[in-house]
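Residue numbers (the numbering used here), protein chains in the order written: chain A, 1 to 500; chain B, 1 to 419.
Worth flagging that the hints you see were computed from the coordinates, not collected in a lab.
Treat the hints with caution; some may be incorrect.
As the list claims (entries may be wrong) - Keeping only pairs whose Cα atoms sit at most 30 Å apart, straight-line, the calculated DSSO-like set for lysine-lysine is: (1) A:Lys170 - A:Lys217; (2) A:Lys170 - B:Lys317; (3) A:Lys143 - A:Lys92; (4) A:Lys170 - A:Lys92; (5) B:Lys317 - A:Lys92; (6) A:Lys170 - A:Lys280; (7) A:Lys143 - A:Lys2; (8) A:Lys143 - A:Lys170; (9) A:Lys143 - B:Lys346; (10) B:Lys346 - A:Lys217; (11) A:Lys2 - A:Lys280.
As the list claims (entries may be wrong) - Derived DEER-like restraints, expressed as beta-carbon distance ranges: (12) A:Ala419 - B:Gly263: 51 to 59 Å; (13) B:Gly111 - A:Ala417: 35 to 43 Å; (14) A:Arg100 - B:Gly111: 49 to 57 Å; (15) B:Asn128 - A:Arg432: 44 to 52 Å; (16) B:Arg248 - A:Ala266: 32 to 40 Å; (17) A:Leu402 - B:Pro127: 39 to 47 Å.
What the hints assert, rightly or not - According to the in silico footprint, chain A covers these stretches of chain B (three or more CB under 8 Å from chain A): (18) 125-135; (19) 338-348; (20) 386-392.
Backbone N, C-alpha and C define an ideal beta-carbon position, used for all residues, glycine too.
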Amino acid sequence: MKLSIAPEEAWDPLPAAQWDAAAVRHLLRRAGWGVVPARAQEALAEGLPATLDRLFPAQPQAFPMPPSVARLEAAQAGAEAEIRAQADPAQKRLLRRQLRESARAALLDMTVDWLQFASEADNAAYQKWVLFLSDIYVVGFEKVGRAPLIYRHFDLISALGLGPAPVLTKAVSRSPAMVIYLDLGQNRAGAPNENFARELFELFVLGEGNYTERDIKEAARAFTGYRLRGGSEFYFAPRQHDPGPKTVFGHTGDFTGDDVIDLAYATPAAGAFVPHELVKFYLSDTMLPREYLLALGDRWRSEGGYSLGWLARRFFGSRLFFAPEFRGEFIKSPVQFYLGMVQELDLDVLPAPRFVVSPLRQMGQVLYNPPNVRGWVGGRNWINSASLAARRGLVESLFRPLDEGALNQDEWMAIQAAAASGRGTFVVDDARFSRLADAAPEAAAAHLAESLLSVPPAPAFMATLAGFIAGPPAAGPGERLRRLRRASAALLESPEYQLC
Amino acid sequence: MAANPSSPFLPSTRREFLRRSAQGAGLLAFSRFAPSFLVNSVRADAPPPEKDRSILVLIQLAGGNDGLNTLVPYADANYYRLRPTLGLPRRDVLPLNDAMALHPACAAFRGLYGEGKLAIVQNVGYPNPNRSHFRSTEIWETASDSGTFASTGWIGRYLDNCCSGAPAGAHDPLAVHVNAINGEPETFVGAREHPTFGITGTSGGRRDNAELRELLERLAQAGGGGEEQSFLQATLMDSLVTETKVQRVLGEYRPAAAYPADGFAASLKSVAALIAAGLPTRVYFVSLNGFDTHFNQLGTQATLLRRLCEGLAAFQKDLEGHRLDGQVLTMTFSEFGRRASENDSKGTDHGTASPLFVVGSRLRGGLHGTAPDLILPRNHDLTFSTDFRSVYATMLEGWLGAPAAPVLHGDFARLPLLA
């Protein structure tokens, strides 16, 4: 890829004169999910710095704990004690399976609740930021097994996500979900388990190649003694801790885990690591040349004091972020594809997990269950014939009336409750298109493209779309409406809409 | 290859394929996605003769399978010294000879071994081993040296070298992955785009909408030419054509053997269905995940090995029932074996070499290579004795019929694995 801006100027603020409607749409889609017209107008009027303050507020709103997760959290310790006390192996298995089932159900509720919460314009960018950080500090439900701990892990990231990165990393090392996910609780003096220490360096702070096997072995000793009480509460067990001297990154001392994290952030590779992850998650499937990452990393360390909030504002406010080569050339993740449609079609998330979670699974992204500790690879990995077919299937489902007969009682009640709270628009209705029905086909096509696509499509694309909307010469108003609906669906299924 | 009665819609010969393509969606409409020689060969109407296709199925044991507890050196006291709690008791293992035995969960493999349908290559690895899951998986998938970063996979390079002229390239996938953990495996990535296909989970019955399909086809061909756009356009076009075919093949398949009721076996059954349908696919890729057993390994690994062995035994039996077994070899790989000494969490940390399994009717069954030396100080690693690229070279030259050196960027000794 040819970059239009040199590394030393890449991260300078975007000149105010370049803050136009297209730049607004680029920011709203990349930092959040989709473009909500009222928000776009507001952002254009307020300017970029004020918009960044809105997207990354000093006190971002927290995602509330879903009721079923709260119930499970309250009951978890008792249920586990009951399993331990049960003598009959068959009963034990049954209880264990029941607990696992309720954890799975709570996780599905959490998925749906979070999608709805994250789709609201006030929350979109910050919740995407939390998703980004959780793609660095990865935990997976399949291994952790306890839905409340997954919630607490995300809540911790959300609470510390704009503060200093070392503070977040230290908190994550004590996050019960992480302690379980990376076997930290199995790590003790004389018998170190290297899993956490390895991923700390490779995936959280430095990246592969910036540490030695020896650093890992020694660092693992510093993290000995990290334990969970009752399977869910962190504590430090001094008797399990190896207090002796360790040599990490050339320094020798009686280091604790926190000391090792500070030592990692003091190595030269730490500055460029999160910028590298930012580029991968938000900007481009083609990694920037190293000097660009170093330029941002150096500033992040020296000016930003490793503050993640500083980094977010600098990154999303930079000249490079808005450079033309990055407009409309990034493949949307399944979550972005879905929530982008929810925002851009002014829909609500259907509060019925099986209708929401399985399309996401078929598209390749199961929330709270990344494929492994590296998280989702993203980019072109999201796209193959099958996942693209699943994206098309999801679009089709949003353009069909809800099949109420197919809903079970719980789903029906959840839908009624959502509708009563003003969140009951689950599918695209004809009203959306009625004001386009009288427009000329070319104008209707142009309106659809402008509101849904990041960059203007090729003229032949627009001509095809307009030609379809026009239909045969004798087409009446009903047929025009039908064609507008089909054209919109095709646009959402087209290669162009998969990009932002 | 003979036409397969279970797939009346699939073109079974190159000639028929060209005929159908030319009258179907209109080949010229596809020409921007198809290599120019394809268009030329249609114009010339001179397809080269068919030849029997050999098929390779790759099974990824993701996470790093503990080789020492899979192929067990049960007569070696060092094994029990290194594995005081994880060591599998002599009385439980399934002996292959007086030195080596299979894990108790591998009874199905023991059966295949007895029939000469299982070849085990011992202690496979590479110099300067990397213990990162991702880096070591990448090394196996790209067939590179530990210190070299390659951007293409070994099967991708094989396709670059050997299959670029296949007319099926425009529509039918040359490589298929089923439930691969990260979508398309790096193994398939070539210097050029190749038609590949992925099946992830089950997709519900999507309403067939000819009008929408036609509009989408036209939009995909009218769009801009950005790098990512072109990639998406090509994938969408492939998807439109392939989707219908594959769903029908899977739905109509009648296996000739009973498969276990787990996801891995279901993936293998899908592979068997596609092979039986006569798809021109040369390589399939299936993942079995969860081998990263740092903690409480015994139960986890037993479950996974049982799934692996019983799944592959059913797959082999199914292929035999359809008389397709002579065409297919299945090979496992894992990014690394695990540390020879167990850790203190009843598990094992990341290690180095491990055994690799090949299943099929046309191979030399038995043990190949040499067992690892277990005279090791505590917490040291095994030293590999067979380079994994020797196995790849054997498969490329002996099975897929392709020169290995340009794919592997070097010469690696071939192993006497194939019959």
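Does the structure keep A:Lys170 and A:Lys280 at a Cα separation of 30 Å or less?
The given pair, whose Cα atoms are some 24 Å apart, holds under the 30 Å limit.
May I ask you to test the hint 32 to 40 Å on the CB atoms belonging to B:Arg248 and A:Ala266?
This hint is violated: roughly 60 Å between Cβ atoms.
Indicate whether the distance between the beta carbons of A:Ala419 and B:Gly263 respects the range 51 to 59 Å.
37 Å Cβ-Cβ, so the 51 to 59 Å window is violated.
Hint check: B:Lys346 vs A:Lys217, CA-CA at most 30 Å. Holds or violated?
Satisfied, since the Cα-Cα distance of roughly 18 Å is no more than 30 Å.
Verdict for A:Leu402, B:Pro127 (Cβ pair) under range 39 to 47 Å:
59 Å, violated
Honestly, do A:Arg100 and B:Gly111 meet the 49 to 57 Å range at C-beta?
Distance hint for A:Arg100, B:Gly111 is violated at roughly 33 Å.
Sort out whether A:Lys92 lies within 30 Å of B:Lys317, counting only the CA atoms.
Violated, because 37 Å separates the two Cα atoms, which is more than 30 Å.
Does A:Lys92 sit within 30 Å of A:Lys170, going by the straight-line distance between their CA atoms?
The given pair, whose Cα atoms are some 36 Å apart, is violated under the 30 Å limit.
Take a quick look at whether A:Lys143 and A:Lys170 sit within 30 Å of each other, Cα to Cα.
21 Å, holds
Hint says 35 to 43 Å; check whether the CB-CB distance for B:Gly111 and A:Ala417 agrees.
56 Å, violated
Sort out whether B:Lys346 lies within 30 Å of A:Lys143, counting only the CA atoms.
17 Å, holds
Are three or more residues of the stretch 338-348 of chain B within 8 Å, CB to CB, of chain A?
holds (count 4)
In this structure, the hints that do not hold are numbers 2, 4, 5, 7, 12, 13, 14, 15, 16, 17, 20, in rising order.
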